[in-house]
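Asks: What follows is each chain in one-letter form.
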Amino acid sequence: DTGVSQDPRHKITKRGQNVTFRCDPISEHNRLYWYRQTLGQGPEFLTYFQNEAQLEKSRLLSDRFSAERPKGSFSTLEIQRTEQGDSAMYLCASSLAQLEAFFGQGTRLTVV
Amino acid sequence: AQSVTQLDSQVPVFEEAPVELRCNYSSSVSVYLFWYVQYPNQGLQLLLKYLSGSTLVESINGFEAEFNKSQTSFHLRKPSVHISDTAEYFCAVSEAFNDYKLSFGAGTTVTVRA
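From first to last, the protein sequence lines stand for chains A and B.
Take the first sequence: its letter number 1 is residue 1 in the working numbering, and every next letter is one higher.
Convert by adding 1000 to the 1-based position in the second sequence; the result is the number in the working numbering.
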């Protein structure tokens, strides 16, 4: 297993378009997290799955954002009608119960 | 809700000199504390963590951090840095009973010079 994998690594999109990011966690990890990181800031929590159940969503996750983890394995994060303020690094992490969270390298989104 | 303040955004340091990165947190409940490191073009990696027990925790590459409950701090130290320690360091906290959600500080960029 090579760790948490995120795809794509970079995405440039025009304002108003929809984008979807994928995260493949470490295979036996039941917890999966999405964070967002903007320039000069630390990561900010967006949402959390335990297996396929989405247990918490941050206020940062507006109605244009949706995340899924359909079979308790990979996850997708979709942003509809992107805005320039959505430009950020989107980080995925996974863990086994309350143990160490392992982070992927992130997907850098640029909205032009 | 908890929050984290990293007091230094940039720390330049010479090779083999000591370094201290300061981290203060606020929370009304028991917390777990973490330091993550991000090397250039890489993802976040856990450096060390405090969950319970001894307030002094160490990493395999010579870093240590001490949990100080009265001062709500978790400062990171290394007695002698290497060029390879150049990276961004993030302090993070989670509530002990809602341990899935990390709150991160803004990060400290450490630049080690020869």
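Be aware that one or more of the hints could be misleading.
Claimed, not checked - Incomplete in silico selection of chain B near chain A, CB under 8 Å:
#	residue
1	Pro1040
2	Gly1043
3	Leu1056
4	Phe1090
None of these hints come from the bench; they were simulated from the model.
Yeah, the Cβ is synthetic: ideal placement off N, Cα and C, and Gly gets one too.
Asks: Of all the hints numbered above, which does this structure not satisfy? Sort the numbers upward.
Replies: Of the numbered hints, 1 and 3 do not hold.
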